[in-house]
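*Asks:* Use these hints to put chain B onto chain A, whose structure you have.
Residue numbers (this note's numbering), protein chains in the order written: chain A, 3 to 393; chain B, 3 to 393.
Keep in mind that the hints are not guaranteed to be accurate.
You can't tell identical chains apart in this list, so a pair holds if it fits in one copy or across any two.
[Said to hold, decoys possible] The list that follows gives simulated cross-link-like pairs (lysine-lysine, DSS-like), each with its CA atoms no further than 25 Å apart:
#1 K145 - K332
#2 K262 - K6
#3 K379 - K332
#4 K11 - K145
#5 K6 - K145
#6 K346 - K379
No wet-lab data here; the hints were simulated from the structure.
2 protein chains.
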Amino acid sequence: MIAKRISEKLASGSMIRKMFEEGNRLKAIYGPDAVYDFSIGNPDLEPPVEVRNAVRTLAMSEETGIHAYMSNSGHQVARDAVASHLSRISGLPVDSSAVCMTVGAAGAMNAVLRSVLDPGDEVIVLAPFFMEYLSYIDNHDGKAVVVRTDDHFQPDLVAVAEAITARTKAIIVNSPNNPSGVIYDEETLHRLDQLLLSQDHLIHIISDEPYAELAYNGKSVPSSLANLTNVIVCYSWSKSLSLPGERIGYAAVSPRHADKAELSQAIVFCNRILGSVNAPAFFQRVIETAIDAKVDVANYEYRMNLLYDIVTNAGFRCQKPDGALYLFPKAPEDDVAFAANCAKHNLLVVPGSAFLCPGYFRLAFCVSEKTIRGSEKAFREVGQSYGLIPG
Amino acid sequence: MIAKRISEKLASGSMIRKMFEEGNRLKAIYGPDAVYDFSIGNPDLEPPVEVRNAVRTLAMSEETGIHAYMSNSGHQVARDAVASHLSRISGLPVDSSAVCMTVGAAGAMNAVLRSVLDPGDEVIVLAPFFMEYLSYIDNHDGKAVVVRTDDHFQPDLVAVAEAITARTKAIIVNSPNNPSGVIYDEETLHRLDQLLLSQDHLIHIISDEPYAELAYNGKSVPSSLANLTNVIVCYSWSKSLSLPGERIGYAAVSPRHADKAELSQAIVFCNRILGSVNAPAFFQRVIETAIDAKVDVANYEYRMNLLYDIVTNAGFRCQKPDGALYLFPKAPEDDVAFAANCAKHNLLVVPGSAFLCPGYFRLAFCVSEKTIRGSEKAFREVGQSYGLIPG
Numbered sequence: 003m004i005a006k007r008i009s010e011k012l013a014s015g016s017m018i019r020k021m022f023e024e025g026n027r028l029k030a031i032y033g034p035d036a037v038y039d040f041s042i043g044n045p046d047l048e049p050p051v052e053v054r055n056a057v058r059t060l061a062m063s064e065e066t067g068i069h070a071y072m073s074n075s076g077h078q079v080a081r082d083a084v085a086s087h088l089s090r091i092s093g094l095p096v097d098s099s100a101v102c103m104t105v106g107a108a109g110a111m112n113a114v115l116r117s118v119l120d121p122g123d124e125v126i127v128l129a130p131f132f133m134e135y136l137s138y139i140d141n142h143d144g145k146a147v148v149v150r151t152d153d154h155f156q157p158d159l160v161a162v163a164e165a166i167t168a169r170t171k172a173i174i175v176n177s178p179n180n181p182s183g184v185i186y187d188e189e190t191l192h193r194l195d196q197l198l199l200s201q202d203h204l205i206h207i208i209s210d211e212p213y214a215e216l217a218y219n220g221k222s223v224p225s226s227l228a229n230l231t232n233v234i235v236c237y238s239w240s241k242s243l244s245l246p247g248e249r250i251g252y253a254a255v256s257p258r259h260a261d262k263a264e265l266s267q268a269i270v271f272c273n274r275i276l277g278s279v280n281a282p283a284f285f286q287r288v289i290e291t292a293i294d295a296k297v298d299v300a301n302y303e304y305r306m307n308l309l310y311d312i313v314t315n316a317g318f319r320c321q322k323p324d325g326a327l328y329l330f331p332k333a334p335e336d337d338v339a340f341a342a343n344c345a346k347h348n349l350l351v352v353p354g355s356a357f358l359c360p361g362y363f364r365l366a367f368c369v370s371e372k373t374i375r376g377s378e379k380a381f382r383e384v385g386q387s388y389g390l391i392p393g
Numbered sequence: 003m004i005a006k007r008i009s010e011k012l013a014s015g016s017m018i019r020k021m022f023e024e025g026n027r028l029k030a031i032y033g034p035d036a037v038y039d040f041s042i043g044n045p046d047l048e049p050p051v052e053v054r055n056a057v058r059t060l061a062m063s064e065e066t067g068i069h070a071y072m073s074n075s076g077h078q079v080a081r082d083a084v085a086s087h088l089s090r091i092s093g094l095p096v097d098s099s100a101v102c103m104t105v106g107a108a109g110a111m112n113a114v115l116r117s118v119l120d121p122g123d124e125v126i127v128l129a130p131f132f133m134e135y136l137s138y139i140d141n142h143d144g145k146a147v148v149v150r151t152d153d154h155f156q157p158d159l160v161a162v163a164e165a166i167t168a169r170t171k172a173i174i175v176n177s178p179n180n181p182s183g184v185i186y187d188e189e190t191l192h193r194l195d196q197l198l199l200s201q202d203h204l205i206h207i208i209s210d211e212p213y214a215e216l217a218y219n220g221k222s223v224p225s226s227l228a229n230l231t232n233v234i235v236c237y238s239w240s241k242s243l244s245l246p247g248e249r250i251g252y253a254a255v256s257p258r259h260a261d262k263a264e265l266s267q268a269i270v271f272c273n274r275i276l277g278s279v280n281a282p283a284f285f286q287r288v289i290e291t292a293i294d295a296k297v298d299v300a301n302y303e304y305r306m307n308l309l310y311d312i313v314t315n316a317g318f319r320c321q322k323p324d325g326a327l328y329l330f331p332k333a334p335e336d337d338v339a340f341a342a343n344c345a346k347h348n349l350l351v352v353p354g355s356a357f358l359c360p361g362y363f364r365l366a367f368c369v370s371e372k373t374i375r376g377s378e379k380a381f382r383e384v385g386q387s388y389g390l391i392p393g
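Bound conformation, chain A alone (with noise of 0.2 Å):
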């Protein structure tokens, strides 16, 4: 009685979400303490002290008002704070108008592909990607064209042009990205771009930034907004300020977006019409105050170097990751299997599958130091299961 579409996709489940599952069956089985739980992406550390006291400073304010309604689009205090930070950060001028305060990166993303989506329209995603975008495009009757990345899991710019028709309306890109902790380089975002742009009609590039502050290496992440045209950034302080439960975001137009007045109107709309309405108010106010804050990025980059000596030493082929909080290594066999084989390990990993990139497995590495290094022994016996490393 429910809509078969939905039952068919409550039928197919998620693998992330059956890993959750066994992880709890093991857990319930073995104690929490040993099994090494790599499989989901939960951004472990506390806020940065700024969000601490903006939260208690306001808490404590005797303003009213704090919880009223404002305009669809956000407070202007914050969306001002966005667009000079975004300013600062792109070296173009941004203005207020083209943001809307959102509820996180998934509400910016639904309210843009309402915006811009026709029944039919395509949208690229490049595979690995997060298969929540499939879900998203799909409640707005677009139809996704994966699109496979090149082996350093870099946009393939050859199979991007091949894959694009009349029909393309948009592309999702995710730098750092969700599962291999890539960042898209500038020369890449680019070329992407002149691709983009030598197409006869407009292509919106949805870039979903949720990881932009957490790089490691030494590296930085390019500004999406000074590296490609049509661009709609989509972000959400649940990974840099470490507020993932408050579902707080914006969608923010570029500036050099052909049609960026009615575009910023239109998902000003969306986020209204598909029941958002605004961005928690609370949390907006905060924002404002904590904008330039960040977690302690060296933290997650101590804790990726750690599983990283740990899963390369296995034997395991790894590519080093540049951003994000995942490790993205090859799968000794069918990846299905060898997360499987890994449970029996008492070892959780997602398939690469559940990011359409077969082949591979995700290992989440904000989860607690100890876990990291409880699960050495681990890995070194499914290496040596695979003949990674001698027995």
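*Replies:* The following block gives chain B in isolation, referenced to the frame of chain A:
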């Protein structure tokens, strides 16, 4: 370059928005104190002290993980609080597994509609109604079937019966009603339920209840769970706790719903894929503590009576509202022309056509007592100009 279907909606705009813009124009000319703006239903009371204390306690606590992800369905403590609240008011055993915390009632309705609608499915809405319902239904490829209520704005069951087809998947009820202020009585709900149960397929009843606690004239609002069978409650604390900006609400499936297990799962899934992911974390915890609190309803009732007396003394015919935040008097001429004429007297009202109920106009009484008292002269002038009272 945006979606055609969204471009069309932006072009047509909403009447409430047009009144808002006209209001800004008038306020710029005459000053805000000389414009009597009854167009926006923005709850203007501060949250009760229990909310304020809960916000402060949580902000000052040393607890970790307050802002982290939780299950997509929400914090278990918040779901438990909702389930026991609903069990108490309905007399039915509501389990927390049937409760999904959402981004307000609008977020809840979108998740529910996505869960039940396949393309082309029909949803009955009872006019007058909040026009955003049309967008919510359209978002999920449904078809709205508008059915007029009777002369007292109660559901007309003969008309509902005539509107039901094999494709009818749901009916939306909203009591206390925006804009009429009517509470659907128990007898009517019971007869509506019998009508729906007598059909040869299941029809979901989506009960939008943000005004459930705002009842006047000694009336109370019958429990939808107690009186309707296949019902899903969509609730928001926007009005009862004056938290509209925080976007905090829930969807709860009745324990008597024929498909409660799968539907409850589907709602959590749709809440996730539509981009909410989960309801805002901090305010879920606030709700856990403050769920039994309420804004000063007597204050709203006082202003309702004040405005009701002014409007009826100016000669307008108006059913006295039993709930919600609006008067819905009869317009003495075409309602759109009437609203335009009111604006000439610096009176901002919304035509009934904006609720698919021409011939009436809506006045929000959640405005300052000063504005209400100040409007008396303007209402009398308008009443005189139509010959409703002597000149």
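*Asks:* Please go over all the hints and tell whether each is borne out by the structure.
*Replies:* Now the hints, each set against the structure:
{"no.": "1", "hint": "K145 - K332", "result": "neither (29 Å within a copy, 48 Å between copies)"}
{"no.": "2", "hint": "K262 - K6", "result": "between (37 Å within a copy, 16 Å between copies)"}
{"no.": "3", "hint": "K379 - K332", "result": "within (19 Å within a copy, 78 Å between copies)"}
{"no.": "4", "hint": "K11 - K145", "result": "both (16 Å within a copy, 23 Å between copies)"}
{"no.": "5", "hint": "K6 - K145", "result": "both (18 Å within a copy, 17 Å between copies)"}
{"no.": "6", "hint": "K346 - K379", "result": "within (13 Å within a copy, 80 Å between copies)"}
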